[in-house]
Amino acid sequence: MSLRIVVTVKYVPDATGDRHFADDLTVDRDDVDGLLSELDEYAVEQALQISENSDDDVEITVLTVGPEDAKDALRKALSMGADKAIHVEDDDLHGTDALGTSLVLAKAIEKAGYDLVISGMASTDGTMGVVPALLAERLGVPQVTLLSEVSVEDGTVKGRRDGDAASEQLEASLPAVVSVTDQSGEARYPSFKGIMAAKKKPVQSWDLSDLDIEAEEVGLEGAYTVVDAAAERPARTAGTIVKDEGEGGKQLAEFLASQKFI
Amino acid sequence: MAEVLVYVDHVDGAVRKPTLELLTLARRVGEPVAVALGNGAADTAATLAEHGAVKVLTHDASEYADYLVVPKVDALQAAVEAVSPAAVLVPSSAEGKEIAARLALRIGSGIITDAVDLEAGDEGPVATQSVFAASFTTKSRVSKGTPVITVKPNSAAVEAAPAAGAVEALAVSFSAAATGTKVTGRTPRESTGRPELTEAAIVVSGGRGVNGAENFAIIEALADSLGAAVGASRAAVDAGWYPHTNQVGQTGKSVSPQLYIASGISGAIQHRAGMQTSKTIVAINKDAEAPIFDLVDYGVVGDLFDVVPALTEEIKTRKG
Ligand SMILES: Cc1cc2nc3c(=O)[nH]c(=O)nc-3n(C[C@H](O)[C@H](O)[C@H](O)COP(=O)(O)OP(=O)(O)OC[C@H]3O[C@@H](n4cnc5c(N)ncnc54)[C@H](O)[C@@H]3O)c2cc1C
Ligand SMILES: Nc1ncnc2c1ncn2[C@@H]1O[C@H](COP(=O)(O)O)[C@@H](O)[C@H]1O
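Read top to bottom, the protein sequences are chains A and B.
Here the first sequence is numbered in my numbering, starting from 1 and rising by one per residue.
Here the second sequence is numbered in my numbering, starting from 1 and rising by one per residue.
Mixed in with the good hints, there may be bad ones.
[Said to hold, decoys possible] In silico lysine-lysine, DSSO-like type, Cα no more than 30 Å apart, as pairs:
1) B:Lys17 / A:Lys260
2) A:Lys250 / B:Lys316
3) B:Lys144 / A:Lys111
4) A:Lys243 / B:Lys316
5) B:Lys286 / A:Lys260
6) A:Lys107 / B:Lys182
7) B:Lys319 / A:Lys243
8) A:Lys260 / B:Lys316
9) A:Lys260 / A:Lys243
10) B:Lys279 / A:Lys243
[As the list claims (entries may be wrong)] To give a feel for the contact side, a few chain A residues facing chain B, derived at Cβ under 10 Å:
11) Phe21
12) Leu35
13) Arg236
14) Val242
No lab work stands behind these hints, which were simulated from the structure alone.
Glycine residues also receive a C-beta, built at the ideal position from the N, C-alpha and C atoms.
Chain B on its own, in the form it takes in the complex (with noise of 0.2 Å):
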């Protein structure tokens, strides 16, 4: 069966789960291979062989904490060239999406960004993708040399597939245009305890409506109670109320989770954009008129300070 590159999403050697969700839809379509960079690449390699890997590529070096992007693509592409593989499958971060323009671009081939599904097709991968605010759903796939497709968290589910995993190192120089920008500082975000936004099976949104950054605990406070994660409107985090790395939307993260609750939003396009392929959506809002509610499986027109502490209240009771 034809290989399949799978580049790791990973903090150190900890293995991000929208990697092990990219090995379930990698196998569909050949052998995964992983390809993993950086410090604790090869800590990885027990994770990805429980999920499917057969091998998994291994390299470190500084360059890739000291330079930005460029000396993943160098990588990836000695990898590509070392396996000659069916597809290439990256996570679709902002910086996973720039990894594999610029790899599609180097070995003349197309690339489909954000699929949320993908499926094996006679004339390769077919990649599923949600547009225009997920308004409409498109099937497509590359057309000219190796398939590189960029694919959105919670797009499968993580499964258990046991396999090889045997770790290899590759060979990697590095090109010129390596170290052309260079990583001059680095603050890791720091945690919050609460689960990762896009890879969390339920978040909770709070908007302009929370008015004001202390109000945030009443969302944060149900957040909790049902171990989600917590977002935030653009105009919550314009305000200076929430960080943006917790914005929900077209200029934030982009989430699918099994549940979602929005408190105080309205339900603008670019908001929508982020959040209307989450399986079930909630809404407390107290303008009846609000869009979101076009959005809803269930909405409740109250005022949000009554509403969600009650909520969160109940929830709590009842898992006692």
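Pulled out of the complex, with its shape left as it was, chain A reads as follows (with noise of 0.2 Å):
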């Protein structure tokens, strides 16, 4: 048997960077160094996990949808240890919502033929956390999604969710879209055999006319949602800094009642 799975990777700017909007009020993605967004990397780790634990063959596809500088995403992907690589780039992509990149993995994901997605639990600079549900919405499978622990047997994906009100054990056949959390486990350093490797390794470029997708659906033409406004909060005023000596608790306290908290 087979297994191929599919994992969706972000290249996002690095959050410890100055992240500012566009002219354009879209997301500025020149001024700030990409990177693979760290939650994604998550993703990938586990992908591997199933993928050592699992008698079957398994193949690792990472899939990006993003600019040319995206590419830096799936090479590190690829050095961690996926197999290939799938770069949907289009200028007429600039601007698109989560709806409309839902819908070019989508159909990126059907094009390369899979048994499992693998999402993470949210992009760094988006973090709308909603991506996963969409493809499962779209691709009509299951969505085993936000899972702590993740297992992969006899065509079943299982695992757990901690929600908000109660921990979950999930469980679901494939084909099925799964996204885990930062708490599936750390995910590995790519080797220097590793990353010696993903160099040879292949990466596909795909358009938005290998997918069949119209201009017009995506960016910010095909976006349903627009940002009119966006403004830098300002700083804060700078607070008061006591150094403790001594009655530190007592001047927190006096602080506290000042402001009616006690």
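With the hints as a guide, bring the two chains together.
The following block contains the structure:
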């Protein structure tokens, strides 16, 4: 038997950089260095572990929708151990929202062929956490999301979802869409061998016409939402800072009382 | 006036506070019609009526507990078709966002997640969002279809606004996808007796500086003296000192209390992402250079093992 896993990975501006908006109120991707979203490293890691724990023939494809530089994210995933990569790139994709992104990903996943899709819990720039659910809806397969533990056996995916009110054990038959949290286990670092091997692994490039998607369905024009304004949050006015010389606790209590918290 | 659907988050009929906040926001854009599903759905009606629901659509079936997300999407879609609302508001929990996203896709509408405010606008509701770890504030709206908007806890005040709250049964037929993901086991989270982290007016958090699970008792004692919820940084959670359910930050809970007290937390961007919209921020850290001090209204440079117990004592004395 074989198991085809597609891992969706996003190339995002570094969260520790000075992120901001471009003039058209889309996320500025030029001024801040980009990288493979850390939360998608967990998805790659789980795909690798599923592969390592399986007797089946497992093939891991990493898929990204993003600009030219997004290839870096694919390279990183390949150097961690994924087998091949698909890069969907098209100028008309600029400004695509979550609904549009899920359309492009779903078409690409179908074209690639899959038994299991693994996504991260959320992208570190948009932080919507909705793309995996949207993919399940579009692909018409079960959604097994926000797992902190995942396993695949005999065509069934199982996992644990730690929700707000309860921790749930979930189960679904393949094909399915899974997303994993950062509680699922630390992602491995690419080894030197892995980095070298990645250079030879195939990266396919697809554009919108390869996926039968019209330009109007995506991009700023196709978006279902409009950002009318973006303003930098005014810097917080500098607070009072005291050094504890034995009275720090008392002084803090005084402050809290002055603000009516006590 | 146009009707606005509000998805009700409740536990066996007990309505959670963020839903009541949604009713406040819903009244700014229309007449709130609540949708309550699952066990105890009808028991939510009295509370919802007190806070402005003109109608409460209810439906109970075992599918809501036995399968993940999709049965709720089916029901909410049925409600949208029955009511033709001007907007759909859903609490911004992990599940709420998933339900909202699938609904939006099905009804051909745009979705906005994690709004922190909502106003009526000429072209439909305008949502305020706080992005890039709260360093930017944006105003957005849905430009296609019925706006589907998820709203974060603590985004509006709970207001009494008595309305009819007439209970009506919602007719729901489940889709083939509804039974795709089975819930084979469920362990309810144990109650600590403290307020819910995302709903609390005061949150007291500890980080790596707390240096051990047993030392979290100091943080809990401070929290209890203020009637606060307890939070933790990821470093403290990863070390196994405190449960993940209490993690504050990008991959934990996002909180926006009146008062946030950080002890032994450096203030990394991923932590800030979950607490930067707090009204008043206080930090205790022995490193005067810690980035958390850039955010504070009041900071104490000192050892938390001295400052926190002293603070707790002083609060207790003042409260008598
Ligand atoms: C994708 C991703 C997601 C993440 N998500 C989250 C998240 O959701 N939440 C989160 O918190 N982090 C998150 N992180 C981790 C984050 O980057 C930081 O590593 C983490 O917040 C650090 O926790 P800390 O402040 O407790 O520890 P440190 O950064 O180690 O800071 C400890 C602080 O305690 C102080 N201290 C030590 N001893 C004492 C003492 N006795 N008295 C007073 N002060 C003392 C030190 O001076 C220091 O400032 C995430 C990271 C990534 C990459
Ligand atoms: N442009 C993209 N390319 C590939 N995967 C993506 C993209 N956007 C989102 N994803 C996937 O969807 C997950 C959730 O993203 P989001 O809903 O945007 O927070 C991410 O962790 C990725 O796995």
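So, going through the hints one by one against the coordinates:
1. B:Lys17 / A:Lys260: holds, 23 Å
2. A:Lys250 / B:Lys316: holds, 12 Å
3. B:Lys144 / A:Lys111: Satisfied, since the Cα-Cα distance of roughly 28 Å is no more than 30 Å.
4. A:Lys243 / B:Lys316: holds, 22 Å
5. B:Lys286 / A:Lys260: holds, 26 Å
6. A:Lys107 / B:Lys182: Measuring from Cα to Cα gives roughly 26 Å; hence the hint holds.
7. B:Lys319 / A:Lys243: Roughly 25 Å between the alpha carbons, so the hint for B:Lys319 and A:Lys243 holds.
8. A:Lys260 / B:Lys316: holds, 15 Å
9. A:Lys260 / A:Lys243: holds, 23 Å
10. B:Lys279 / A:Lys243: holds, 23 Å
11. Phe21: holds, 7 Å
12. Leu35: violated, 14 Å
13. Arg236: holds, 6 Å
14. Val242: This hint holds: A:Val242 lies near chain B, its Cβ roughly 6 Å from the closest one there, short of 10 Å.
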